[in-house]
Structures are given as C-alpha cells and as structure tokens.
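As they're listed, the protein sequences go chains A and B.
Numbered by the working numbering, the letters in the first sequence go through residues 1 to 225 in order.
Numbered by the working numbering, the letters in the second sequence go through residues 1001 to 1081 in order.
Think of the hints as simulated: they come from the structure by calculation, not from any bench.
Glycine is no exception: its CB is placed at the ideal position from the N, C-alpha and C atoms.
Label-pair ranges, simulated between beta-carbon atoms:
1) A:R176 to B:R1002: 41 to 47 Å
2) B:V1076 to A:Q38: 45 to 51 Å
3) B:L1041 to A:L106: 16 to 22 Å
4) A:P65 to B:I1042: 22 to 28 Å
5) B:E1071 to A:G77: 41 to 47 Å
6) B:I1042 to A:E220: 43 to 49 Å
7) B:R1002 to A:P129: 55 to 61 Å
8) A:P65 to B:V1033: 42 to 48 Å
9) A:A68 to B:E1054: 17 to 23 Å
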Amino acid sequence: MRFGIVRFPGSCDEVDALAAASRVGDAVLLWHADHDLQGVDAVIVPGGFSYGDYLRAGAIARFAPVMAQVEEFARDGGLVLGICNGFQVLCEAGLLPGALLVNLSLKFVFRQVELEVVRGDTAFTNAGPSEGRLSIPVKHTTGRFYAPEAELDRLEAAGQVLLRYAPGHNPNGSLRDIAGVCNEAGNVFGLMPHPEHAVDPLGGSVDGLTIFESMRAHVEQHVLA
Amino acid sequence: MRARVLVRPKAGILDPQGQAVERALPALGFAGVRNVHVGRLIELDVDDPARLPEMCDRLLTNPLIEDWEIEEAPEVAETTR
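All chains should be built: construct the whole structure from the sequences, respecting the hints.
Here's what the structure looks like:
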C-alpha cells in the first residue's frame, strides 16, 4: 500500500502527512508540476497555502498539472483524501460538494476538537470507533463549510457527511457542524481537521491514525486483494 | 476592453466581514448604516470580453458562494499601471 502526498508551492503539512502515512504504509511525495502519480494506491492533498491561496483558498492549485491526474485517479475510483487546504482544493476542483468560507470569527483558530464519526463503514473511517469520537486538531482561517440548504439535506440523506464537530466544538461556524464530507461514490473525502497531526502519543492523541489505517484497510481489501 | 468584475458574497450566506464593518462604523460615530457586505473588485484588460463570463465561473469567482457582475471600466494609460 503506497500513499502519494501532493506537494504544491505553499504546502506546509505535506511532510507531516508523509510521516503519518508512513506509519501505516509506504508513502512518497508527488510534485505539483508532474503529470505522474507514480503508481500510488491513494492520494493525499495536504494542508497549507497552495500557490499562496491567492484569489481564494485552493482556487489556483486545482489547475496544477498533477491535479488533472488526481481527478482522473478519482474518477477511476482511487482514494483521495484532502486535509484542510487539500479539502479546499478538492471543493474548488468540483471533486467534493460545497465550499469553505472564512471562519465566522474572522480569526485563525488552532485547537484540539472532538469529532463525531457519523459513519464508520467508509473507506476513510472503517478502522475507527463506529459512531464514536476522534480528538484531532484544527488550524485554519477558512474552514466554515457551506452548501445550500437543499444540498445539505441531500448530503445528509446520501450519507456523505462522515464527520461532525461534537456539540460545542464547531470552531468555524460550519453549517450543521460538518467537519468532513465525501463525494457520492465515497472515494474522495475532505476534512478541515488535521489527522496527520494526531498520530503520536507525544502530540496528545493518536486518533488521526484511524483515517490512514482505514484507507489502508480499504485498499488492501478492495484494490490490492 | 478594460473590464471590472464585481464579486459579491451570495445573498443569504453569512458575511462576517460585512458584519464586522457594520459594527465598527457606529463606534466611529457613523450612525444609520445597514446591510454592509464586503466583496472583491478585479480589473483586467481583455482582448475578448465575450470570454469574461467563463473566466468568472471557472477562476475569478466560486459561483457556489459568490455572484459576479461585469462592467466596462475606463481605459488606463500604460504608464500608470
């Protein structure tokens, strides 16, 4: 099982994502200007400020050469995980529903949050506590999940909301406390919290490993088997 | 053509930036201000203005959260750019 982590100019969490993924499998960095995913089994679009986040967070990065390959990989059913800025990039690319707006507080937030696992039977959550909680940090200014009301109803009915901020833990004003959503097919997932920062007891929580372990389990059962 | 693209947060979406400005103005003595919204202004010279709507939809704005409007702007002398 090999993870590929995209590095854009302005990414800043790609090394942590590489280290986190390396705990559960092989992992390599993918360069934004390459047209090659190096045969990886799953792609991670990491946090940071891709291309300076000029114009809007994630707006420019979606046109990076490597993103054409990521989109094709996603269309073919490959697992794609977007963390924070990666979530913003995937929304801008149309691979995920909704958009991320500036926090209601207008402030940068950096804190540990409790997340409720809405569904524990997906490619990204199967290794965790089903309907349990995860403790994972957030750190962002533009993390308020938004979609029109009818779209939110549809996302919930279709089971595309995988993570919610626990009561009292919504750090940014996300509608319906949504912290992470997947696409209709369930193979592309984005979340604002940073699972790659919660993989070592020294960091206070290892709950983030769940996401990477789930992806490995899914790939081993469905792709490499 | 020199074009001016006005970008506004879509109606109905909470606009904390606008709210912050609306709260700040009375504190400076400017009473009677309501419905403040903060957007963006993009000015650009384009050879083919017919392509502007596509530029707005694909890059300049995110149509899910923003509305846009295109105006013609006065030409600017090269030396002042």
